[in-house]
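Protein chains in written order, with my numbering: chain A, 9 to 410; chain B, 0 to 129.
Bear in mind the hints are in silico, worked out from the structure with no lab data behind them. One or more hints might be untrue.
Taking lysine to aspartate or glutamate pairs in the DMTMM-like style, the calculated list, with each CA pair at most 25 Å apart, reads [to be verified]:
| # | chain 1 | residue 1 | chain 2 | residue 2 |
| --- | --- | --- | --- | --- |
| 1 | B | Lys-120 | A | Asp-189 |
| 2 | B | Lys-120 | A | Glu-183 |
| 3 | A | Lys-308 | A | Asp-218 |
Stretch by stretch, here's where chain A covers chain B in the computed footprint (C-beta under 8 Å, at least three residues) [claimed, not checked]:
| # | stretch |
| --- | --- |
| 4 | 17-26 |
| 5 | 100-109 |
C-beta atoms are modelled at their ideal positions from N, C-alpha and C, and glycine is treated no differently.
Spelled out from the first residue to the last, the chains are:
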Amino acid sequence: MEHQHRLKDIINFLPDATWTIDTTGTVIAWNRAVEELTGVKAESIIGKDNFEYSVPFYGDRRPILVDIAITPNQEQERQYESFSREGDTVEAEIFIPHFRAGGVYLWAKARRLLDAAGNVTGAIETVRDITELKRMQEVMIQTEKMVMVGGLAAGMAHEINNPLGAILQHAQNIERRVSADIPANLKAAAEVGVSLDLVRAYLQKRGIFDFIGHIRSAGMRASEIISNMLHFSRRNDSVAESVELSALLDRVLELAGTDYDMKKKCGFSRIELQRDYAPDLPHVQMVVSEIEQVLLNILKNAAQAMADPAMPRLPRIMLRTGMSEGVAQIEICDNGPGMVEATRLRVFEPFFTTKDVGVGTGLGLSVAYAIVTKGHSGSIDVKSRAGEGSCFTVKLPLQGRK
Amino acid sequence: MMDNADIRILLVDDDQMIRDCVTAYLEDEGFTVHSAASAEEALESIVSISPAVCISDMRLPGMDGEEFISTACRLCPAAGYMLHTGIVYSLSDELRAIGMTADDVLLKPIHDLSKLVDKIKRMAASGRCV
């Protein structure tokens, strides 16, 4: 009895959520850390079988790692983000989207329990919440990618801008050299015995002026991409201003409402806008045009995601501002289709897009990321649930941009 | 009103493609355009050309655009100077000291050369570099 009591003290002391089952799947120990993690008290679960312990995690009864430690189960093993088995011990990582708001990453380890004769008597599992660690890893990976793309962008910009300049400018030169306004054109036409008017009429009839126009607009589009990519490699020289967030958000909403793409392709006016601005927020130092670009990009993505007329509910965007620990916060949440975790993890990655070719370059959110993190010492992240919506949070230190 | 033909421009860029297309446009506008492929080459001729406006690439073989403009300004203070650059650039203290502003920095690629023409005309009329 004394021995049992001491064991119970030991297991309760362990900082990681830990429990054990016997070979019938009945819970025989449930420590304090797992009580805290799941909210389920030991007295209400000890003695219960039929996968009772999976309910607080998954919301249903299913074999989990502790069962796999006793009996391998390939189907369940495949559901983990990572799984490994070494001797009697199994280890896994899993993301459980519904465990808590925003989901939770768990690392788990389980092992068969044997008696002195080597017979299996049950199994023990221990679980650790590694959500914070995972988020930090995400940020680190993201930062590294940005540094890499930044270097690439600066090099590319230099190599591509000259040929791009030649394309754009020679297209303009071609237009000018068939114009009747320039005496040298008239002179050259007379020398070779043609009328400039006829040359122009021919070019017009064959659509050549349109082609030249297309060359110029294509060149400008490419140039836009290059200049966006340069956000990854530098902080620009723009002057920061002190800005009131509510006014900024209202102006961005107005911009979004007049943007051609937003109006025509995304039906921005159909979207119900809810504003929940905290009163009396201190002003934030920022490069206004850049933060406007960030917010517009987020709104544009939300609107595009909700553009499907078959969307089961009224499209809505909620804008909220707030402040905590000297950092201003802007939240933009939609009730659109949301994202699966694999997409969510990559949304800030340069050139990652789920949109059709020509609709998105995959730069919008990565540029937003660079502007907020590099340019304003802030942070940006996104929470999402497939089928329910996405929520972007932009955090800006009041003096993040001097 | 100054006639464009009276406005001499010196264009410095190591990329012949850029020299060709900018020169073609500016000549069509009636300007007198000289070009050089390096800062060193431009410094040899700048005094005799005596341009109203000098446009230099930033990244050049040998002396870069920044140093070129500082040097050229001493040789030819009557000219106005513009820096043409592929990446966003903040003006050095030296260039600010000779009166250059962010407005005198041209980002590559120039989408519309008619805007450059406007700038050249303005610059030729005011004639700076102190």
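| query | Can you list which hints this structure breaks, lowest number first? | reply | 3
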